[in-house]
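Protein chains: 2
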Amino acid sequence: MEEAKGVVKHVLLAKFKEGISENQIEELTKGYAKLVDLIEPMKSFHWGKDVSTENLHQGFTHIFESTFESMEGVAEYVAHPAHVEFANLFLSQVEKVIVFDYKPTTVRV
Amino acid sequence: MEEAKGVVKHVLLAKFKEGISENQIEELTKGYAKLVDLIEPMKSFHWGKDVSTENLHQGFTHIFESTFESMEGVAEYVAHPAHVEFANLFLSQVEKVIVFDYKPTTVRV
Chain A
13 MEEAKGVVKH VLLAKFKEGI SENQIEELTK GYAKLVDLIE PMKSFHWGKD
63 VSTENLHQGF THIFESTFES MEGVAEYVAH PAHVEFANLF LSQVEKVIVF
113 DYKPTTVRV
Chain B
13 MEEAKGVVKH VLLAKFKEGI SENQIEELTK GYAKLVDLIE PMKSFHWGKD
63 VSTENLHQGF THIFESTFES MEGVAEYVAH PAHVEFANLF LSQVEKVIVF
113 DYKPTTVRV
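Chains as they are written, first to last, in the numbering used here: chain A, 13 to 121; chain B, 13 to 121.
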């Protein structure tokens, strides 16, 4: 098994509270994306809505994935004032959330 | 907002049952990776263990991500006998699971 050197994927799954509109979610998504410009160790960002058909998404509707060069980079991001301010806003609008960090490993079989 | 043409990410988060050993998890991971060779529309696969420090991982310990060229590709994968057999084995060993499909969108702000 090969581990990508240092790269850390930071994955957030969210179910927004009832009453949060699509416009509000779009604003939150733009605010999330803007962190790439504000926080140096955050290297990239993408997001998407659940389109699964297996009915195992457990109510989560949105995913946000950002990439860092190291766990130190994630720590810097988590502690950054721009992140702290955004996270407080974001977390106030979700009914449930999962945040999962991992170093991607490719298995050759 | 730009949506990658056709690409679908298939993300699975798992918490394995108590008593499932690291060796068993490694075997399951290899079995999952092997599907790339068996199911044509499954284009790539990686996985990782949670290393997050924010304590929002809700007990999930492993993530598995595979990539498809389209939702039709995911449907073909879900219905493929090799996937059905593997999924039955895999799901018997997890305490909880989330499966989330999405088309990654990059926001330019």
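To be clear, the hints were calculated from the coordinates, so they are not data collected in a lab.
Small disclaimer: the values here were computed from a predicted structure and weren't measured.
Incorrect hints may appear among the rest.
To be verified - Heads up, simulated DSBU-like pairs for lysine-lysine below, C-alpha to C-alpha not over 35 Å straight-line:
| no. | chain 1 | residue 1 | chain 2 | residue 2 |
| --- | --- | --- | --- | --- |
| 1 | B | Lys46 | A | Lys29 |
| 2 | B | Lys46 | A | Lys115 |
| 3 | A | Lys55 | B | Lys21 |
| 4 | B | Lys29 | A | Lys61 |
| 5 | B | Lys21 | A | Lys115 |
| 6 | A | Lys42 | B | Lys21 |
| 7 | A | Lys61 | B | Lys108 |
| 8 | B | Lys27 | A | Lys55 |
| 9 | A | Lys42 | B | Lys108 |
| 10 | A | Lys21 | B | Lys115 |
| 11 | A | Lys46 | B | Lys21 |
| 12 | A | Lys108 | B | Lys115 |
| 13 | B | Lys108 | A | Lys27 |
| 14 | B | Lys29 | A | Lys46 |
| 15 | A | Lys27 | B | Lys46 |
| 16 | B | Lys115 | A | Lys55 |
| 17 | B | Lys61 | A | Lys115 |
| 18 | A | Lys27 | B | Lys42 |
| 19 | B | Lys115 | A | Lys27 |
| 20 | B | Lys61 | A | Lys55 |
| 21 | A | Lys29 | B | Lys115 |
| 22 | A | Lys115 | B | Lys108 |
| 23 | B | Lys27 | B | Lys108 |
| 24 | B | Lys61 | A | Lys27 |
| 25 | A | Lys108 | B | Lys61 |
| 26 | B | Lys27 | A | Lys46 |
| 27 | B | Lys108 | A | Lys55 |
Structure-based check of each hint:
Taking the CA atoms of B/Lys46 and A/Lys29, the gap is near 39 Å; set against the 35 Å cutoff, the hint is violated. Simply put, B/Lys46 and A/Lys115 have alpha-carbon atoms about 20 Å apart, close enough for the 35 Å limit, and the pair holds. In summary, the hint linking A/Lys55 to B/Lys21 is supported, as the alpha carbons are separated by about 19 Å, within the 35 Å threshold. The straight-line distance between the Cα atoms of B/Lys29 and A/Lys61 is roughly 28 Å, inside the 35 Å bound, and the hint therefore holds.
A hinted pair counts as satisfied when its Cα atoms are at most 35 Å apart, and B/Lys21 with A/Lys115 qualifies at roughly 17 Å. Our distance criterion of 35 Å between C-alpha atoms is met by A/Lys42 and B/Lys21, whose separation comes to about 21 Å. Distance restraint check for A/Lys61 and B/Lys108: the Cα-Cα separation of roughly 21 Å lies within the 35 Å cut-off, and the hinted pair is therefore satisfied. In summary, the hint linking B/Lys27 to A/Lys55 is supported, as the alpha carbons are separated by about 28 Å, within the 35 Å threshold.
For the suggested pair A/Lys42 and B/Lys108, the alpha carbons sit about 31 Å apart, so the restraint of at most 35 Å is met. Annotation: proposed proximity of A/Lys21 to B/Lys115 holds, straight-line Cα distance about 17 Å (limit 35 Å). Restraint check for A/Lys46 and B/Lys21: satisfied, since their Cα atoms lie roughly 23 Å apart, inside the 35 Å limit. For the hint pairing A/Lys108 with B/Lys115, the CA-to-CA distance comes to about 21 Å; that is within 35 Å, so the pair holds.
Pair hint B/Lys108 plus A/Lys27 holds up; C-alpha atoms about 17 Å apart against a cutoff of 35 Å. As the CA atoms of B/Lys29 and A/Lys46 are separated by approximately 39 Å, the hinted pair breaks the 35 Å bound. For the hint linking A/Lys27 to B/Lys46, the alpha-carbon distance of about 32 Å falls within 35 Å, and the restraint holds. Between B/Lys115 and A/Lys55 the CA atoms are separated by roughly 19 Å; this keeps the pair inside 35 Å, and the hint holds.
The suggested pairing of B/Lys61 with A/Lys115 holds, with an alpha-carbon distance near 7 Å, which does not exceed 35 Å. Proximity of A/Lys27 to B/Lys42 is assessed by CA-CA distance (about 31 Å); at most 35 Å being required, the pair is judged to hold. Between B/Lys115 and A/Lys27 the CA atoms are separated by roughly 17 Å; this keeps the pair inside 35 Å, and the hint holds. Using a Cα cut-off of 35 Å, the hinted pair B/Lys61 and A/Lys55 holds, with the two alpha carbons roughly 21 Å apart.
The hinted pair formed by A/Lys29 and B/Lys115 meets the criterion: a straight-line CA distance of about 22 Å does not exceed 35 Å. Only pairs whose Cα atoms come within 35 Å are accepted, and A/Lys115 paired with B/Lys108 is accepted, the gap being roughly 21 Å. Under the criterion of a C-alpha separation no larger than 35 Å, the hint pairing B/Lys27 with B/Lys108 is consistent with the structure, at around 5 Å. Taken as a hint, the B/Lys61 and A/Lys27 pair is honoured in the structure, with Cα atoms around 23 Å apart against an allowance of 35 Å.
Between A/Lys108 and B/Lys61 the alpha-carbon distance is near 21 Å, which keeps this suggested pair within the 35 Å criterion. With a C-alpha separation of about 32 Å, the suggested pair B/Lys27 and A/Lys46 falls inside the 35 Å cut-off, and the hint holds. Taking the CA atoms of B/Lys108 and A/Lys55, the gap is about 31 Å. The hint holds against a cut of 35 Å.
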